[in-house]
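Anchor point for the sequence shown: position 98 equals 98 in UniProt numbering, and the numbering is continuous, going up by one each time.
Hints were generated in silico from the structure; no laboratory data involved. One should not assume that every hint holds.
Unchecked claim - Straight-line Cα separation of at most 30 Å, DSBU-like style, residue types lysine-lysine; simulated pairs: (1) Lys429 with Lys417; (2) Lys429 with Lys25; (3) Lys25 with Lys417; (4) Lys369 with Lys429; (5) Lys25 with Lys369.
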Amino acid sequence: MGADRAVLTRTIERGEEEGGNVEFKTRLTREVHLAEGRMESLAAQLRHRVLSGDGEALYVIGVTDDGGIAGIPPTAFSESMDVLSLLAEEADAHIHEVETWGVGDGEAEGGLVGLATVREGAAFEADDDHIVVGTAGHVDHGKSTLVGTLVTGQADDGEGGTRSYLDVQPHEVDRGLSADLSYGVYGFDDDGPVRMDNPDRKTDRARVVEEADRLVSFVDTVGHEPWLRTTIRGLVGQKLDYGLLTVAADDGPTKTTREHLGILLAMELPTIVAITKVDAPPEERVLEVEREVESMLRDVGETPLLMERHGVATAVEEIGDGVVPVLQTSAVTEHGLGDLDRMLERLPKRENDADGDFRMYVDRSYDVKGVGAVASGTIRSGEVEAGDELLLGPMPDGTFREVEVRSIEMHYHRVDKARAGRIVGIALKGVNESEVQRGMALVPRGTDPRPVRSFDAEVMVLNHPTRIQEGYEPVVHLETVSEAAVFRPEGGRLLPGDTGETEVRFKFQPYLVEEGQRFVFREGQSKGVGTVTGVTYADE
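All chains should be modelled from the sequences, with the hints used to inform the complete structure.
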């Protein structure tokens, strides 16, 4: 059952010896344990366990009444967690954390044992004071290292050590290069920053979410050219409030830097430029790069605002609407990070669609042992709550699947509900993980979402070797969708720098698209941006 079996063993021994706040259950079912009278009795039992443990109870699921390890199938374990969650809610408590183990030869098909920590009070609900920042910049310009230092407060070792707190794939750690989106979080309370002591512990990230009055989530993108598609996905597919573009003081702005800046501005994101690694080159080189950054911004019609000269308060007030704050930073000496902290603490949450219907585009999916399919992404509008009935799709054939929200986590912290702008993982009942694809959307059941195969758009061609004409096939990045599409420009062609109308048709399957959504398209060296002006439904 793995190296952590000792945790389970100690809990079972404690329950056998003391009783107290430990409860053994083989399984819980809706039919039996939520029946009238039975539910009230079990909720009272749970309440007693919580009070016996000074606000915390431990429920061991998949064991006999005397603590013998039995194991139950994943479907039975998921139902048990659903029932336990309802019992906890009835007892004014919540499931804080669940650990699972596989038992013997049955691990592939079933045989799960779980340890659920139940705590007093309702699950944490994040407030509206939560901003999401997307990072961008050339490879090895210090994006991940800067974020790793911010979220931990630990100075870097000069070798990018704090980057390891964000990179999630083993080959990324080995090579020192990010190849997929990664995430970080820290926050602020009345005493200042609330940071992670050990980011490798999920519980430490959860602690930050629980303790901070204001949260800053980072979506850390990829700087290496071969993964530009992933960078675009991060900047377009997440509901970002601000962009953070890094430029290394020992290198200066590159072609990739300018490309990432163009994407940030095309998505109308207020942006900060952090000149990183200012401890590495001579001071005159740092100032030279600062001038290069100012020139780069003016070339695209933006006004640079040097924070060392104008201060944090002015930068917070002026950011956006053509103004880009610029500051010097070092993850090694922590130069400039205090100003960046103060700025991130004060930046306002941008307007969101909190009052609209719930909508979330899926960015990733996971199969979690004992839970099932989990879809993660950033909530675009509305709010979602455990127990909500949703629709997932469109599927490749254009249909939508009925699903139910089992539970919601935000940076490994379980929450009762979450609103627009939150990065969450939603455990879904009614679908297998293999059926959940990036680009699908979650919307409320009872609405009438319709799949879109083609749409009209106003586009601007940023650069192209010759001209765009009918049959042009770029990849379109819209929300979390990354799909090949065919363009049919009005008038037959579009030249570099042109703005015009075109029909855009997905090549392989439909998606949920609506008027007003912005997107980026690219194919080889050609790139552009657009806005959806009308849709054609796949069922018409």
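With a cut-off of 30 Å on the C-alpha distance, tell me whether Lys429 and Lys417 pass.
-> Judged against 30 Å, a Cα distance of about 17 Å means the pair holds.
Agreement of Lys25 and Lys369 with the hint, judged by alpha carbon distance not exceeding 30 Å | holds, 18 Å
Lys429 and Lys25: Cα distance at most 30 Å?
-> Measuring from Cα to Cα gives roughly 22 Å; hence the hint holds.
Is it true that the CA of Lys25 sits at most 30 Å from the CA of Lys417?
-> At roughly 27 Å apart (the allowed maximum being 30 Å), Lys417 and Lys25 satisfy the hint.
Pairwise hint evaluation, Lys429 against Lys369, where the allowed Cα distance is 30 Å at most | holds, 13 Å
Violation of the numbered hints given earlier is absent; every hint is satisfied by the structure.
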